[in-house]
Amino acid sequence: MIGYSIDGVWNPILHELMHLRWHPRDIRKKLIFVGAVYYIWQEQNRRIFVGNKREVAQLVKELLLYIDMHGGRDVGGINLG
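For what it's worth, this note's numbering labels the leading residue of the sequence shown as 1, then goes sequentially.
Source of the hints: derived by calculation from the structure; they are not laboratory data.
It cannot be assumed that every hint is accurate.
Pairs of lysine-lysine, DSBU-like flavour, derived with a Cα cap of 35 Å [stated by the list, open to error]:
| hint | residue 1 | residue 2 |
| --- | --- | --- |
| 1 | K29 | K61 |
| 2 | K30 | K53 |
| 3 | K29 | K53 |
| 4 | K61 | K30 |
With beta-carbon atoms standing in for the labels, derived distance ranges [to be verified]:
| hint | residue 1 | residue 2 | range |
| --- | --- | --- | --- |
| 5 | E16 | Y39 | 18 to 24 Å |
| 6 | N52 | H23 | 34 to 40 Å |
| 7 | E55 | R21 | 33 to 39 Å |
| 8 | F49 | P24 | 35 to 41 Å |
| 9 | W10 | R47 | 30 to 36 Å |
| 10 | I27 | R47 | 26 to 32 Å |
| 11 | D68 | D26 | 31 to 37 Å |
| 12 | P24 | L63 | 15 to 21 Å |
| 13 | L63 | W10 | 27 to 33 Å |
Beta carbons: idealized from backbone N, C-alpha and C, even for Gly.
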């Protein structure tokens, strides 16, 4: 997104994620991060190619709904709930 800088935020987040273990709670944190990145990427493409823009609150609401819907499911035999 033009005009935004995440330099001061990006490195601590990646550092935290790289040091998580294979505990279900840690796997869930990784999935939430990946989901957030995906939603941001999807919104960027929507703005560039479609010319449609959603508000940040709407994106957060959709991401939280997705996490709630899928957060309790098993992923690779591991219960993430």
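message = Checking each numbered hint in turn, tell me which of them this model violates, lowest number first.
response = 9, 11, 13
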